[in-house]
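We have chain A already, so just place chain B on it with the hints.
Sequences listed follow chains A and B, in order. No gaps in the numbering here: position 42 of the first sequence is 42 in the numbering used here, and each next residue is one more. No gaps in the numbering here: position 175 of the second sequence is 175 in the numbering used here, and each next residue is one more.
Please keep in mind that the hints were generated in silico from the structure rather than gathered at the bench. Small disclaimer: the values here were computed from a predicted structure and weren't measured. Each hint should be verified, as a subset may be incorrect.
[Unchecked claim] Covered stretches of chain A (chain B as the covering partner; in silico rule of three or more C-beta atoms under 8 Å from a C-beta of chain B):
(1) 22 to 33
(2) 61 to 68
(3) 207 to 219
Ideal Cβ positions, reconstructed from N, Cα and C, are used throughout, including at glycine.
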Amino acid sequence: MSVLICAIVFWIAAIALNSFIAARWPERRWARYFVPALFGVTLLVLWEGIVRGFGVSQVILPAPSLIAERFAASTGVLWIDFRQTILKGALSGYIMGCAAAFVVAVLVDRSRFLERGLMPVGNFLAALPIVGIAPIFVMWFGFDWQSKAAVVIVTVFFPVLVNMVAGLKATDPLQRDLMRTYGASYMQTLVKMRLPAALPFLFNGLKIATTLALIGAIVAEFFGSPTRGMGFRISTAVGQLDMALVWSEITVAALAGTGFYGLIALVEKGLTFWHPSQRG
Amino acid sequence: MTRVFPVLTVILAIIALWYGAAVWLNSAWVYDQAQRSGASVGFWDMLGQTMGLKRPVLPAPHQVVMGLWDGITGQKITSKRSLVYHGWITLEATGLGFIIGTVAGLLLAVALVHNKALDMSFMPWAIASQTIPVLAIAPMVIVVLASLGVKGLLPKALIAAYLSFFPVLVGMVKGLRAPDAMQIDLLRTYGAPKAAMFWKLRLPSSMAYFFASLKVGVAAALVGTIVAELPAGAVAGLGARLLQGSYYGQTIQIWAALIAAACLAAVLVALVGLVERIVLKRMGLAR
Numbered sequence: 001m002s003v004l005i006c007a008i009v010f011w012i013a014a015i016a017l018n019s020f021i022a023a024r025w026p027e028r029r030w031a032r033y034f035v036p037a038l039f040g041v042t043l044l045v046l047w048e049g050i051v052r053g054f055g056v057s058q059v060i061l062p063a064p065s066l067i068a069e070r071f072a073a074s075t076g077v078l079w080i081d082f083r084q085t086i087l088k089g090a091l092s093g094y095i096m097g098c099a100a101a102f103v104v105a106v107l108v109d110r111s112r113f114l115e116r117g118l119m120p121v122g123n124f125l126a127a128l129p130i131v132g133i134a135p136i137f138v139m140w141f142g143f144d145w146q147s148k149a150a151v152v153i154v155t156v157f158f159p160v161l162v163n164m165v166a167g168l169k170a171t172d173p174l175q176r177d178l179m180r181t182y183g184a185s186y187m188q189t190l191v192k193m194r195l196p197a198a199l200p201f202l203f204n205g206l207k208i209a210t211t212l213a214l215i216g217a218i219v220a221e222f223f224g225s226p227t228r229g230m231g232f233r234i235s236t237a238v239g240q241l242d243m244a245l246v247w248s249e250i251t252v253a254a255l256a257g258t259g260f261y262g263l264i265a266l267v268e269k270g271l272t273f274w275h276p277s278q279r280g
Numbered sequence: 001m002t003r004v005f006p007v008l009t010v011i012l013a014i015i016a017l018w019y020g021a022a023v024w025l026n027s028a029w030v031y032d033q034a035q036r037s038g039a040s041v042g043f044w045d046m047l048g049q050t051m052g053l054k055r056p057v058l059p060a061p062h063q064v065v066m067g068l069w070d071g072i073t074g075q076k077i078t079s080k081r082s083l084v085y086h087g088w089i090t091l092e093a094t095g096l097g098f099i100i101g102t103v104a105g106l107l108l109a110v111a112l113v114h115n116k117a118l119d120m121s122f123m124p125w126a127i128a129s130q131t132i133p134v135l136a137i138a139p140m141v142i143v144v145l146a147s148l149g150v151k152g153l154l155p156k157a158l159i160a161a162y163l164s165f166f167p168v169l170v171g172m173v174k175g176l177r178a179p180d181a182m183q184i185d186l187l188r189t190y191g192a193p194k195a196a197m198f199w200k201l202r203l204p205s206s207m208a209y210f211f212a213s214l215k216v217g218v219a220a221a222l223v224g225t226i227v228a229e230l231p232a233g234a235v236a237g238l239g240a241r242l243l244q245g246s247y248y249g250q251t252i253q254i255w256a257a258l259i260a261a262a263c264l265a266a267v268l269v270a271l272v273g274l275v276e277r278i279v280l281k282r283m284g285l286a287r
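If we strip away everything but chain A, and leave its shape as in the complex, we get (with noise of 0.2 Å):
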């Protein structure tokens, strides 16, 4: 009991020096760094004083430090389904799904007929629930890697193409009309004037796809994989009521989530330095 005490003493301290430092000082560089810090650490020191002071079943919620410990003692098998699932599946799915998206984008531009047809069309796949088609793909690719990859690049696709599309009609006429005067040429206006405008959208579109991907490449290995990757370890930990290597799993898929945005906002940080967004 002594320790849910504690964990409440240090709760009310945290939210009291955070509530401090927000009307102190809350536009400082420090400050919003240490008050999100300070909250995600008072969040597992609750948690881990509800499950011991309470004591809660493992089954139903393992106590971070044990977690720590499962995290530790597993790193190999961890190490496996990261590979199978985040660098097969997920990553080789999102470079495709990607680059496809991104050359019919360019495409879809350059025809009318094609942009009234097909945006209404992708526009409501997009908002399909497309990891439905696991099942099918996974029918069709086989259970290894090669159909999660195929799921994530199908839902993918339909963001980064809705996105990139509104993206290469973001430049204003008299932008358009300046490269004419200049006598550009399709391929000049494109590659020197559209596709750096377009650039905000695509980004806007692959970050929002990075999660997509994740999310695909997990889902598809519920409905069958090899005896490897982070979808196959869940519903298999699960089953065996293993929940301390289950949250050891979930900590490796938000560390890789985080990572990988984290990766495509740095990559956009430098490519629109020039955008308002990126400014202050």
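Relative to the frame of chain A, chain B by itself:
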């Protein structure tokens, strides 16, 4: 007409491609079967047979439509083979989860806008949590809640709620902050209390953001429900239909469930759009 014609062309092209692919993918099996029985099949024979296989690699469009038609009208709607029955179970969980998620997202967004400390501590985590594949947690939530004795509708609804919660939260925080400094200053010079600031300025200006996130949220809730139906031997719902179809190689059943889910998603998004138009009109915001 200039808008319908291109769309129709694209849809027709997709159907034509689909038929072609069905013939191409299914022909191997037909030839294989014929060779085993020692018979030889001509081209037209093969064409006819690929259209009517029981477990095709890729069912032809008319087979899917017939599967769908049979699933919707061919059974009693209480039957376990009826898509209406499974669709209704999925729809229930989606609806409940969507309502829970929307209310929670709204309340938290209002709290975040009015409390600086909460905003600074919570918002970075809310954004970071979007990069986490939350669906990975779904099987665990189902099993844990089942071991606590909570079964049926609620666990699925909670996963749906979790998925629709973040779009609403992020959209509403953005929307409630949408009024610019001039408008806020104007209300301040009127001496408006905080409540009036909220009801007369912040809430109306957030409506466009609110409905945009509702559309994302309702589609996400449906995906959440379907995935939640996969693990732990789910027996009912569109997700369970997908899983059973994949176990028994019933491709037509998978495609019918998939199309049914797609139609459900489209109808739900259209419904939100309808509510949006009515509400914006009543609030005098429609353009």
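The hints, checked one at a time:
{"no.": "1", "hint": "22 to 33", "in the structure": "holds (count 5)"}
{"no.": "2", "hint": "61 to 68", "in the structure": "violated (count 1)"}
{"no.": "3", "hint": "207 to 219", "in the structure": "holds (count 6)"}
In summary, the one numbered hint that this structure violates is 2.
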